[in-house]
Amino acid sequence: ILNVEQSPQSLHVQEGDSTNFTCSFPSSNFYALHWYRWETAKSPEALFVMTLNGDEKKKGRISATLNTKEGYSYLYIKGSQPEDSATYLCAFGGNQGGKLIFGQGTELSVKP
Amino acid sequence: GAGVSQSPSNKVTEKGKDVELRCDPISGHTALYWYRQSLGQGLEFLIYFQGNSAPDKSGLPSDRFSAERTGGSVSTLTIQRTQQEDSAVYLCASSLRQVGNQPQHFGDGTRLSIL
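From first to last, the protein sequence lines stand for chains A and B. Going by my numbering, the first sequence opens with residue -3, and the numbers climb by one from there. Going by my numbering, the second sequence opens with residue 323, and the numbers climb by one from there.
Rather than coming from a laboratory, the hints here were simulated on the basis of the structure. On a predicted model such as this, the values are computed, not experimentally measured, just so you know. C-beta: ideal position from N, C-alpha, C; glycine also. Some clues are possibly wrong.
What the hints assert, rightly or not - Non-contacting residues of chain B with respect to chain A, defined by C-beta distances greater than 10 Å in every case (computed):
1. S329
2. D340
3. D346
4. Q363
5. G364
6. L365
7. G381
8. S388
9. A415
10. R419
11. N423
Said to hold, decoys possible - Among chain A residues calculated to face chain B with C-beta under 8 Å, some are:
12. A28
13. A42
14. T47
15. K65
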């Protein structure tokens, strides 16, 4: 059974703080690692799709790194803003079709 | 352009009734996925389609669940004889192709409540 773990489960930070979360996944049969942001009452939004070991991607104040050999990815948010409050999901894509296995998510709350 | 559209957005029904959930993917997307999130759980894969075929139905929890896709477009997820444990948010997503490095575009979901 494939297991994707995210930590922490929830995080409360002050506006302006930088933060990071972890996603661990199986290192075998790896094809891609996805990050999504899911705001309350909205649909999950794709942030990054990462495929190569050592990959690093950036979108504004958010960036992510990937280590496929040891099976982990970090998501970083620099200078958190209240609008960053959401659940951040990572998902493992294997080499058999497009099916994704999701972690439980990290719920981020940024207080003004 | 139009995103993934799901209907209904909310559905409340009595235990034992059948329900049908609909998903209209982004035009041109050949792959379509169904997931659900039960209370306190993560997103759980149910089934995916490539065109009208379903290569992987491994996530369907029981034979009360079925899904079909017609014309390479709209998909319906049907739950027969609903049970309380079927209560969840059902999400549909589509992607350009059915490979793991394609971002998936999600609809707003159907919140299903079984009384």
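*Answer holds if the nearest beta-carbon of chain B is closer than 8 Å to that of K65 of chain A; otherwise answer violated.*
Interface hint status for K65 of chain A: violated (18 Å vs cutoff 8 Å).
*Is the Cβ of A415 of chain B more than 10 Å away from each Cβ in chain A?*
8 Å, violated
*Interface-negative label, D346 of chain B against chain A, beta-carbon threshold 10 Å*: Since the minimum Cβ distance to chain A is about 13 Å, D346 of chain B lies beyond 10 Å and the statement holds.
*Is it correct that the beta-carbon of G364 of chain B has no partner in chain A closer than or equal to 10 Å?*
It is violated; G364 of chain B is separated from chain A by about 4 Å at its closest Cβ, not greater than 10 Å.
_Outside-interface status for S388 of chain B - nearest CB in chain A farther than 10 Å_ = Given that every Cβ of chain A is farther than 10 Å from that of S388 of chain B, nearest at about 18 Å, it holds.
*Taking the closest Cβ pair, is A28 of chain A under 8 Å from chain B?*
4 Å, holds
*Run the C-beta distances from S329 of chain B to all of chain A and say if the shortest one exceeds 10 Å.*
14 Å, holds
*Taking the shortest Cβ-to-Cβ distance between D340 of chain B and chain A, state whether it exceeds 10 Å.*
26 Å, holds
*Report holds if the minimum CB distance from L365 of chain B to chain A is greater than 10 Å, and violated otherwise.*
4 Å, violated
*asked:* Beyond 10 Å on every Cβ pair: is that true for N423 of chain B relative to chain A?
replied: The claim is violated: N423 of chain B sits with its nearest Cβ about 4 Å from chain A, within 10 Å.
_Quick check for students: does the CB of Q363 of chain B sit more than 10 Å from each CB in chain A?_
With a cut-off of 10 Å, Q363 of chain B comes too close to chain A, as the shortest Cβ separation is near 7 Å.
*Is the interface hint for T47 of chain A satisfied, with its Cβ closer than 8 Å to some Cβ of chain B?*
Holds, about 5 Å.
Consistency note: the structure conflicts with the earlier hints numbered 4, 5, 6, 7, 9, 10, 11 and 15.
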